[in-house]
Each structure stands twice: as C-alpha cells, then as structure tokens.
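> Residue numbers (this note's numbering): 7 to 716.
The set of hints was computed from the structure by calculation and includes no laboratory data. We put the beta carbon where it would ideally sit given N, CA and C, even for glycine. One or more hints might be untrue.
Quick list of the computed label-pair ranges, beta carbon to beta carbon [stated by the list, open to error]:
| hint | residue 1 | residue 2 | range |
| --- | --- | --- | --- |
| 1 | I647 | E411 | 41 to 51 Å |
| 2 | L267 | R412 | 36 to 46 Å |
| 3 | R672 | A570 | 52 to 62 Å |
Calculated lysine to any residue pairs in the SDA-like style (CA-CA distance at most 20 Å, straight line) [as the list claims (entries may be wrong)]:
| hint | residue 1 | residue 2 |
| --- | --- | --- |
| 4 | K441 | C509 |
| 5 | K561 | C679 |
| 6 | K561 | P520 |
| 7 | K418 | G671 |
| 8 | K584 | C509 |
| 9 | K674 | V491 |
| 10 | K629 | R662 |
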Amino acid sequence: KVAIKGIERELICPACKELFTHPLILPCQHNICHKCVKEILFAFEDSFADGGSESSNQSSPRIRISASSMDRIDRINRSGRKRNSLTPRSTLFPCPSCQRDIDLGERGINGLFRNFTLETIVERYRQAARAAIAIMCDFCKPPPQESTKSCMDCSASYCNECFKIHHPWGTVKAQHEYVGPTTNFRPKILMCPEHEMERVNMYCEICRRPVCHLCKLGGGHANHRVTTMSTAYKTLKEKLSKDIEYLISKESQVKAHITQLDLLLKETECNSERAKQEASHSFEKLYHVLEEKKSAALRAIETSKNIRLEKLQTQVEEYQGLLENNGLVGYAQEVLKETDPSCFVQTAKQLHVRIQKATESLRSFRPAAETTFEDFVVDTAKQEDILSDLSFHSSGLEIPEINEERSRMYNKALISWECPGKTDSADIYVLEYHKLNKEEESVMWQKTEVCGKSKVLSDLDDDSSYAFRVRGYKGSICSPWSREVIMRTPPAPVFSFLFDDKCGYNNEHLQLNPRRTSVESRAGFPLLLGSERLQVGCYTTLDYIIGDTGIAKGKHFWAFNVEAYSYLVKVGVVPSNKIQKLFHNTHDVTSPRYEQDSGHDSGSEDAFFDSSQPCTLVTLGMKKFFIPATPAAPKDPASRILPLPSCLGICLDCDRGRVGFYDAGRMKCLYECEVDCSGLMYPAFALMGGAAVHLQEAVTAKYRECHDDI
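Make a model of the complete structure from these sequences and hints.
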C-alpha cells in the first residue's frame with residue numbers, strides 16, 4: 007500500500023498551491039480547482055477591460071498567478087481571438103501546469119469534467135491528516151453529535167439517531183447508500199457536461215474523455231473514434247496497473263537515480279559558487295582597469311593644471327613689472343638717472359629691447375594658457391553600450407535570424423524571425439530598432455521584449471529607413487545579436503479601401519471574393535461570343551474596377567499583389583469626373599485603326615489614344631513592369647521593361663499633383679508622373695485575359711498571431 011501522506015505533491019493545485027477543491031480536468035489532461043479556473047478567467051477579463059494586467063494580478067488573494075501566466079493572458083488579450091465576432095465564441099485558458107494556452111471551447115468551464123476520483127483521494131488525504139477531527143451530524147439540534155455515517159444520496163452526514171429518523175424502515179430512503187463519515191459526496195452517475203440530462207456511456211479515443219451518445223451522434227465527437235465505457239475502463243486499468251507494476255519493479259533504479267540527483271544538487275551548489283567567484287573576479291578586473299584609467303586621467307589633468315598655473319603666474323609677474331616704481335619700469339626709471347652717456351648707452355640698449363617687447367605684449371594681450379579642459383573630456387559612450395550588453399553569452403543558445411520575406415512594412419511594421427535550428431531554445435526575445443539618420447552621431451536603440459517570434463510595431467515614421475536586430479534570452483543567458491536588417495516604411499500613410507462591386511463592375515468578366523479584397527478576370531463564354539466581331543490585329547476591351555473610397559487631399563499609399571500568371575493588368579488612379587468615361591469608353595471590341603473600311607492612318611492614332619486616356623495607369627503583365635513611353639522615358643523600349651515586383655505600391659500626393667509607382671517590398675519608386683487631382687481620386691485597376699489582383703492586408707495583432715501559427 008502506498009502511504010496517503012506520500013502523495014501530497016500530486017494533490018496540490020498548480021494555481022493556488024493548495025489541496026484540490028472540486029478539481030476539473032482540462033483538455034490537456036491537467037487538473038485545476040474549479041475556483042482557480044474562474045479566478046484566472048476573471049483576471050483575464052479584468053486585463054481585457056483595463057487594457058493591462060497590472061491590477062488583475064491582485065484580483066484574488068487566494069490565487070497565485072505567475073509572471074509567465076500573466077504574460078500569456080496579456081498575449082491572449084492582444085490576440086483578439088476571444089472577442090472575434092466572425093467565429094464561434096471560444097475561451098482560451100493559460101494552463102499553469104503545461105504553460106500552454108488551452109481552448110476550452112464555446113461552453114468554457116461548463117464543458118469540463120469534474121475529477122471525482124482525484125476528489126476522493128484528496129478527501130482520504132484530508133481524513134488521514136485530520137483523524138482527530140470529527141465530522142458532526144448535519145441534523146442534530148445544538149449541540150450537534152458526532153456523525154457515524156454519511157448518505158451518498160442525500161449528500162449529508164448523520165448520527166445514529168438522526169439517520170434512523172430520516173431513513174425509516176420500509177421507505178425509499180432506507181435503500182440509500184451510506185458510507186463512513188465524509189465530506190466528499192460524489193454522484194453515482196457521471197453526467198455529460200454538454201448534455202446535462204445524458205449520462206456518459208462512451209469514451210472518445212481522440213479527445214481522451216468520456217462522452218454521451220448525443221456527443222457521438224451530432225456533437226463535437228461525431229467523426230471521432232469511440233469505444234464503450236466498460237472497454238475503456240478495462241483497457242486503461244490494465245495499462246495503468248502494468249505501468250505501476252513496472253515502476254515498482256524498478257524501485258532500486260529509482261533510488262539510484264535519486265542518489266545521483268542528490269549528487270547533482272550538491273555539484274550544482276559547488277559549481278554555482280565557483281561561477282559566482284569567476285564572475286566577481288571578472289568584474290574586479292574591470293574595476294581595476296577603470297581605476298587605473300581613472301588615476302591616469304586625474305594625473306594628466308593635475309599635471310596640465312600645474313603647467314597652466316605656472317605660465318599664468320609668470321605672466322602676472324611680468325605685467326606687475328610694468329607698473330610704476332615696480333619691476334621693469336622701476337628699473338628703467340633708475341637707468342634714466344644715469345648721466346654718463348657711455349654707461350647709459352651700454353645699459354639702455356638691452357633695456358630698450360625689453361621695454362619694446364613689454365609694449366607689444368600690452369597691445370596684443372593674450373593669456374599664456376587656456377583655462378578650459380575640453381581636451382580632457384572622457385568619451386565613454388561606446389564603453390557604456392558595451393557594458394549595457396554585458397551578460398552571460400552561451401554557445402548553446404542559437405542566434406535568431408530576421409526573416410525578411412515574412413517581415414512586412416505597411417500600415418504597421420511586422421518583424422518576424424526564426425532560429426536556424428528551427429527550435430525555440432530561448433524563453434524570451436529582445437527586439438531593438440532605430441531610425442537611420444545621417445545627422446545623428448550616436449545611435450539610440452529602442453527596445454521591446456517579445457514572447458513569440460514576431461512583433462508588430464506601430465510607432466514608426468513614414469518614408470524612413472529603420473535597422474532591426476534581435477537576440478534571445480534564456481534566464482540570464484543571452485545569444486549574440488542577429489545580423490542587422492534595414493527596412494523602409496511606406497512613403498505616406500496607408501490608405502484602406504475595398505474593390506467597388508457597384509460602380510461599373512462587370513460581373514460577367516470579373517469575379518470578386520466575398521471580402522472584396524481580390525479581383526480576378528475570367529476569359530469566359532461572353533468574351534468568346536464577342537470574338538465573332540474581331541478582325542486581324544484587333545484588341546479586346548479592358549474590364550475596369552475601382553476602389554470604393556476616394557481621396558480628396560493629402561498623401562496616401564496603398565499596395566497590392568498581381569498574380570504571376572496575369573496576362574495584362576493596368577493600375578493607377580482615376581478622378582471622379584472621368585469615371586463614367588472610363589466605363590463607357592471601351593465597350594467596342596474592335597479597333598477602327600485596323601478596320602478594313604476605316605481608312606484611318608495609324609500614325610496619328612497613337613497620339614490621340616494617349617491624350618484621350620481618362621485616368622493615369624501603368625501596364626503590368628507577363629511578369630513585367632512597363633514604364634510608359636513619355637518624353638522623359640528612355641528611348642530604348644527594352645530599358646523601359648522591368649521585372650514585376652512581388653508586391654506593388656502606389657503613392658498619390660494630391661497636394662503636389664503627382665503619383666508614384668513603387669516596388670512595395672523595397673519601397674523603391676519605379677516611375678512617377680504628374681496627375682490632375684482637381685476632384686476626388688479613386689484607385690483604378692483594369693484586367694484583360696487571365697489575371698488577378700489582391701489588395702495588401704493591413705498588419706494587425708491578429709495577423710501577427712496567425713503569422714506565428716503558420
């Protein structure tokens with residue numbers, strides 16, 4: 007027999023660190039108190055309402071939510087999955103045992119089973135711990151008597167007299183099941199939490215939980231493999247018994263491992279002390295170097311000060327000699343008293359030279375030494391940066407790499423990274439970034455901590471380049487910084503719109519997705535019927551579609567993807583006063599230029615065609631970007647053909663009357679021209695043949711989460 011007191015660790019709730027009270031089984035097969043589940047979810051609701059988790063951590067004096075659990079609550083909060091109205095409501099719960107976010111489904115707590123077996127074991131443990139404490143009768147008049155039995159059907163405890171009164175012979179209550187005194191009353195039949203009136207009679211092998219027949223017929227387990235409860239009971243009991251017998255048979259091996267672990271504990275203590283001594287020695291070496299540098303710097307300043315003071319003091323004495331009856335002037339006055347010409351000339355010549363020098367120094371006064379000590383300022387900026395990064399570097403922690411293909415710069419910046427070994431060896435990552443500015447001498451990195459492998463940044467300036475780097479942390483150990491990656495933000499704020507499915511939309515040739523973010527041209531049966539009018543050299547019509555929102559002023563940017571198989575796509579802008587002309591100008595499927603009876607000269611028609619365009623467009627197709635033929639464009643046609651970028655962008659500046667076409671991946675301008683912005687401007691697209699255009703989705707916190715799942 008296993009002693010009850012020896013299994014206390016298995017009976018402790020991972021959330022409140024106390025004995026289980028009405029334990030529930032989570033989908034991850036871990037147990038937690040019913041009250042703890044509610045308190046953690048209440049903390050989540052509080053953090054969702056308050057926009058943070060600082061106050062929610064104090065929501066209950068009983069529960070102890072760890073910092074990592076609160077971080078996961080904040081992450082679930084930011085993800086928005088719980089509040090998404092487009093999908094069935096579900097509840098995410100951060101399991102304190104496995105540190106994972108568990109989906110509790112639409113029913114939340116009500117969909118969890120109560121672990122009656124664990125509850126019974128906890129009750130036996132409580133009884134063993136409080137053997138001296140009696141359970142009193144629930145029906146005695148004060149003072150109550152000690153109970154002698156408990157009725158499992160009535161969920162109450164009785165003394166002998168009260169039990170006879172409430173369970174008389176010859177009644178239905180006389181058939182009730184009774185046991186010794188207990189406070190743990192469990193139902194005789196386990197009911198399904200999803201269908202409360204149905205008892206569980208099957209076991210789902212996929213979800214590893216009991217289910218009822220309604221769950222199997224039309225519920226969430228309809229397509230799952232199930233077995234009868236008796237079969238599952240027999241199978242699981244045999245497996246558990248074999249596993250227990252195996253562990254008992256390996257008792258000597260377990261004891262050997264315990265002995266080895268005890269040695270490892272002592273070795274860890276010794277090694278930690280040794281590591282502390284080595285770290286202290288390393289810092290003492292730094293202190294010693296700093297003290298030497300400090301002493302040398304102070305000595306240099308003191309020496310320079312003494313030299314300067316000596317020079318200034320000498321200069322003061324020289325100028326004091328220029329005063330009357332003092333120094334040089336006094337000596338010269340005494341020489342002037344000499345009456346013998348030969349003696350006077352002999353002395354006055356040298357004296358006159360000294361007087362002239364004193365006169366010149368008086369006219370151009372200049373201190374003999376500088377008073378400032380600007381040359382003795384110690385620049386420690388680089389050393390401070392190095393010391394701020396001082397930490398335990400480990401070769402076992404992989405250096406993360408920023409994935410430029412998965413990172414995006416749009417309305418916000420999505421920075422994504424991964425480890426070369428595809429293993430998440432770090433507990434947390436630190437992402438640093440700074441704006442590239444040639445005028446700034448020192449670089450000021452902005453820092454943010456991230457639990458996952460991507461981060462959405464929303465505080466970046468438009469039309470600016472930023473450098474990004476990331477490192478991983480596992481406890482106090484960190485990896486080296488990743489390679490710096492430079493990315494550029496869009497040239498203007500992002501303009502959001504959808505394809506307009508009303509104004510001029512041709513649903514016979516074009517097909518929109520339900521969200522109106524993608525359009526595809528279909529060269530179907532109507533176009534085939536129209537081909538009866540085509541002659542040699544004729545061109546077919548373009549199918550136009552515009553955005554559902556116009557631009558009146560300011561500078562705006564939007565991006566989109568053109569499928570590589572697209573034959574012909576035109577993109578640009580159209581003013582509101584020319585929209586009707588756009589949709590009614592090209593319904594003829596033949597060109598008069600090539601009609602046999604037209605008699606038109608093809609040479610003059612190009613100019614007419616260019617000047618008659620109602621909107622500003624550039625041509626894309628066959629994986630190429632075609633720069634329009636303008637006077638400023640290169641004359642060689644081959645030089646006007648560029649590879650088609652994976653993502654294209656358009657920047658419209660209504661104030662300056664210019665529109666630019668960009669490689670949105672590198673934010674590089676490919677072509678720019680003037681445009682008439684006198685009215686509302688709408689994004690315009692034209693497709694012909696097999697082609698498709700997809701609008702770029704905005705970067706959101708939910709996008710980041712889905713991005714991480716991918």
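> State for each hint whether it applies.
Each hint tested on the structure:
1. Distance hint check: the CB atoms of I647 and E411 are about 25 Å apart, inconsistent with the given range 41 to 51 Å.
2. For the pair L267 and R412, the supplied restraint of 36 to 46 Å holds, since their beta-carbon distance comes to about 42 Å.
3. Distance hint for R672 and A570: a CB-CB separation of about 18 Å, inconsistent with the stated range 52 to 62 Å.
4. The suggested pairing of K441 with C509 is violated, with an alpha-carbon distance near 42 Å, which exceeds 20 Å.
5. Annotation: proposed proximity of K561 to C679 holds, straight-line Cα distance about 15 Å (limit 20 Å).
6. Proposed proximity of K561 and P520 is contradicted: the alpha carbons are some 29 Å apart, above 20 Å.
7. In summary, the hint linking K418 to G671 is supported, as the alpha carbons are separated by about 14 Å, within the 20 Å threshold.
8. A threshold of 20 Å between alpha carbons decides the hint, and for K584 with C509 the separation of about 13 Å falls inside it, so the pair holds.
9. Distance check on the hinted pair: K674 and V491 sit about 16 Å apart at the alpha-carbon level, within 20 Å; holds.
10. Between K629 and R662 the alpha-carbon distance is near 31 Å, which puts this suggested pair outside the 20 Å criterion.
Violation of the numbered hints given earlier is confined to hints 1, 3, 4, 6 and 10; the remaining hints are satisfied by the structure.
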